[in-house]
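Q: In case you want the letters, here they are:
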Amino acid sequence: MLTVVSRALNSGFIAVAITLLATPASGTQVDPLGSPQWEFMHRTMLDGAPYEFDGRVVVMTPASAEDAMNVPVSFRVEGLGPIERVVVFADLNPIHKVLVFHPHDARVALGFRVKIEQATPIRAAALTADGVWHVGGAWVDAAGGGCTSPGYTRAAGTWYETLGQVRHHRWPGADGGDAVERLRLQVMHPMDTGLAEGIPAFYLERLEVTDVTGKPYASLELFEPVSENPYFTLDINAGGRPLRLSGRDLNGNRVEAELD
Amino acid sequence: MRVPCLLVLCALAATVAGSDQHYRLAATQIAADTWLVRGSTAHFSMANGGNIANCAFIATGGGAVVIDTGPSARYGEALRTLVERTTGEPVVRVYNTHHHPDHFLGNQAFAGIPIYALPDTRRAMAEQAEDFSDNLYRLLGTWMKGTVPHLPTVDALPGESTVGGHRLELFAYRGHTAGDLVILDHATGTLFTGDLVFNHRAPTTPNADLAAWRSALQGLSGTPFARLVPGHGDVAEHGRAIAETADYLQWLAGRIDDAVSSGRSMAETLYLPIPRRFDAHDTLVEEYRRSVMHLFPGVEHAFFHAE
Numbered sequence: 325m326l327t328v329v330s331r332a333l334n335s336g337f338i339a340v341a342i343t344l345l346a347t348p349a350s351g352t353q354v355d356p357l358g359s360p361q362w363e364f365m366h367r368t369m370l371d372g373a374p375y376e377f378d379g380r381v382v383v384m385t386p387a388s389a390e391d392a393m394n395v396p397v398s399f400r401v402e403g404l405g406p407i408e409r410v411v412v413f414a415d416l417n418p419i420h421k422v423l424v425f426h427p428h429d430a431r432v433a434l435g436f437r438v439k440i441e442q443a444t445p446i447r448a449a450a451l452t453a454d455g456v457w458h459v460g461g462a463w464v465d466a467a468g469g470g471c472t473s474p475g476y477t478r479a480a481g482t483w484y485e486t487l488g489q490v491r492h493h494r495w496p497g498a499d500g501g502d503a504v505e506r507l508r509l510q511v512m513h514p515m516d517t518g519l520a521e522g523i524p525a526f527y528l529e530r531l532e533v534t535d536v537t538g539k540p541y542a543s544l545e546l547f548e549p550v551s552e553n554p555y556f557t558l559d560i561n562a563g564g565r566p567l568r569l570s571g572r573d574l575n576g577n578r579v580e581a582e583l584d
Numbered sequence: 062m063r064v065p066c067l068l069v070l071c072a073l074a075a076t077v078a079g080s081d082q083h084y085r086l087a088a089t090q091i092a093a094d095t096w097l098v099r100g101s102t103a104h105f106s107m108a109n110g111g112n113i114a115n116c117a118f119i120a121t122g123g124g125a126v127v128i129d130t131g132p133s134a135r136y137g138e139a140l141r142t143l144v145e146r147t148t149g150e151p152v153v154r155v156y157n158t159h160h161h162p163d164h165f166l167g168n169q170a171f172a173g174i175p176i177y178a179l180p181d182t183r184r185a186m187a188e189q190a191e192d193f194s195d196n197l198y199r200l201l202g203t204w205m206k207g208t209v210p211h212l213p214t215v216d217a218l219p220g221e222s223t224v225g226g227h228r229l230e231l232f233a234y235r236g237h238t239a240g241d242l243v244i245l246d247h248a249t250g251t252l253f254t255g256d257l258v259f260n261h262r263a264p265t266t267p268n269a270d271l272a273a274w275r276s277a278l279q280g281l282s283g284t285p286f287a288r289l290v291p292g293h294g295d296v297a298e299h300g301r302a303i304a305e306t307a308d309y310l311q312w313l314a315g316r317i318d319d320a321v322s323s324g325r326s327m328a329e330t331l332y333l334p335i336p337r338r339f340d341a342h343d344t345l346v347e348e349y350r351r352s353v354m355h356l357f358p359g360v361e362h363a364f365f366h367a368e
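Heads up: the sequence lines are chains A and B, in that order.
FYI, in the numbering used here the residues of the first sequence are 325 to 584.
FYI, in the numbering used here the residues of the second sequence are 62 to 368.
The set of hints was computed from the structure by calculation and includes no laboratory data.
Predicted, not measured: the structure shown is a model, and the values here were computed from it.
For each residue, glycine too, the CB sits at the ideal point set by N, CA and C.
Be aware that a few hints might be false.
[Said to hold, decoys possible] Residues from chain B that keep clear of chain A, each with C-beta distances beyond 12 Å, as calculated:
1. R184
2. L212
3. E298
4. H299
5. F364
[What the hints assert, rightly or not] Reference listing, derived: stretches of chain A covered by chain B, where coverage requires no fewer than 3 residues with Cβ under 8 Å from a Cβ of chain B:
6. 381 to 392
7. 409 to 423
Kindly produce the complete structure, drawing on both the sequences and the hints.
A: Here you go:
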């Protein structure tokens with residue numbers, strides 16, 4: 325804490341103001357992951373807003389990635405009350421922001437996969453109604469290269485044959501009752517980062533799960549580090565109702581599917 | 062006064078850095094003419110220099126036969142010295158049981174000597190040796206100094222081949238990798254299984270086909286032997302190590318199938334509990350999690366793309 329304040333003093337009044345604003349009533353501000361990029365992440369990913377490192381934001385990843393293009397990540401937020409959104413980012417990736425999750429009528433929990441370029445913390449920051457970010461995370465080690473290598477379907481030249489296809493399964497009873505359903509879905513997309521030589525950025529940028537009246541259950545803003553042909557795992561309060569997936573990619577291609 | 066102190070400190074530092082990086086290989090005689098050089102059952106680390114796999118050698122009377130060569134050039138050199146000192150015979154033949162780097166990156170020390178591997182193993186090495194080597198440089202640093210992949214020079218083919226007084230029978234299996242060589246020395250009844258068998262060490266699966274692997278283990282359990290030299294772990298005197306490896310692989314395949322068909326995410330599956338009956342396996346949790354990352358995507362793809 326002392327280090328944070330004195331470093332802020334050196335960089336002037338605005339930094340001090342931010343630091344004081346960011347001082348939480350509970351929790352800690354000493355980065356448990358010891359990341360050299362934390363202060364920059366706080367400014368760029370969380371707009372310098374108040375935050376605390378919080379064990380109630382649980383991020384599950386492997387300690388070491390076997391495939392840097394497919395690193396499994398799940399987060400779960402419990403006991404924090406309503407969450408406005410969750411931002412996921414990787415401190416040491418060339419592109420930091422992974423996705424933003426909006427749980428309209430869903431558990432604050434998501435499973436997905438990311439591409440990482442080297443060993444990095446992967447964080448989830450959940451915003452509560454009082455404007456405080458609650459930050460969880462874990463280090464993932466990696467041999468690297470996940471962001472600058474072309475994807476498999478891109479390398480094979482087959483990505484356009486399946487672009488935008490959606491597959492899904494639903495499992496009722498995720499809460500032991502009928503209200504919460506496990507939904508897993510896959511959208512076929514190359515998710516090109518723009519960092520592989522000669523391949524411009526081309527990725528899904530928005531997905532939304534609604535019912536047939538348009539009532540939203542969960543929506544996702546997606547960015548370059550999300551893995552190719554991504555899978556998402558959600559727990560939604562849909563109680564067996566028919567659902568619909570809609571979205572688009574960077575080039576304006578639409579994604580539409582019924583999730584029966 | 063200050064200068065001599067600094068010199069002493071530098072000398073000490075140099076001694077520590079140097080002495081940390083010598084493989085202290087020891088050969089244990091496990092049968093007539095036959096020795097095991099046992100590796101650690103841990104994962105690659107700076108502490109073990111990548112010495113995590115078993116190597117073995119046979120003094121045939123017509124020259125020494127070496128089975129697997131370890132993770133680095135330096136290991137290979139230490140192994141060759143140990144073999145020639147122990148047997149008093151020159152090395153006349155090397156076998157690589159499969160294409161994983163902890164078993165063949167010591168080949169360099171045997172350049173000029175015929176190195177045998179299954180054709181499928183040679184193909185896989187040609188594709189992956191450079192990546193494996195890069196990854197070991199990342200994990201092991203200067204332990205790897207000077208190591209360059211030296212690939213096998215001769216196809217190992219199933220059947221019998223006599224070296225000196227030892228009749229060696231070769232079997233071509235697959236499952237742990239695309240090519241898994243098993244060698245039965247009829248002179249002593251010693252079965253060298255490579256990584257088809259792990260003894261009290263969790264199996265690794267980066268290139269595994271679990272169904273083929275289990276069928277290979279069935280084949281091995283029908284092969285008479287007096288003792289078994291696994292790729293990792295202690296020598297086994299009976300079939301327990303085969304049965305335990307098969308049991309773990311069957312459980313692992315079922316675990317991944319169940320996780321996918323019940324809607325678990327891949328990250329959740331990493332953190333599911335592991336049955337207590339596997340507690341005797343070293344590096345269990347780490348290898349289980351690596352296996353989830355290797356195997357989950359294929360099972361998941363089959364599940365979602367079934368229609």
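Q: If a hint holds in the structure, say so; if it doesn't, say that too.
A: Hints and how they fare:
1. A cut-off of 12 Å between C-beta atoms confirms that R184 (chain B) is not in contact with chain A; the least separation is 20 Å.
2. Non-interface status of L212 (chain B) relative to chain A is upheld: no Cβ of that chain comes within 12 Å, the nearest being about 21 Å off.
3. The claim that E298 (chain B) is not at the interface with chain A holds, since no C-beta of that chain comes within 12 Å of its own (minimum 34 Å).
4. For H299 (chain B), the non-interface assignment is confirmed: its Cβ lies about 33 Å from the closest Cβ of chain A, beyond the 12 Å cut-off.
5. The claim that F364 (chain B) lies off the interface is violated: its Cβ sits roughly 8 Å from the closest Cβ of chain A, which falls inside the 12 Å cut-off.
6. Chain B is given as covering the segment 381 to 392 of chain A, and this holds because 8 residues of the stretch bring a CB closer than 8 Å to a CB of that chain, at least three being needed.
7. With a threshold of 8 Å between beta carbons, the proposed coverage of the segment 409 to 423 of chain A by chain B is violated, since 0 of its residues qualify and at least three are required.
The structure shown violates the earlier hints numbered 5 and 7.
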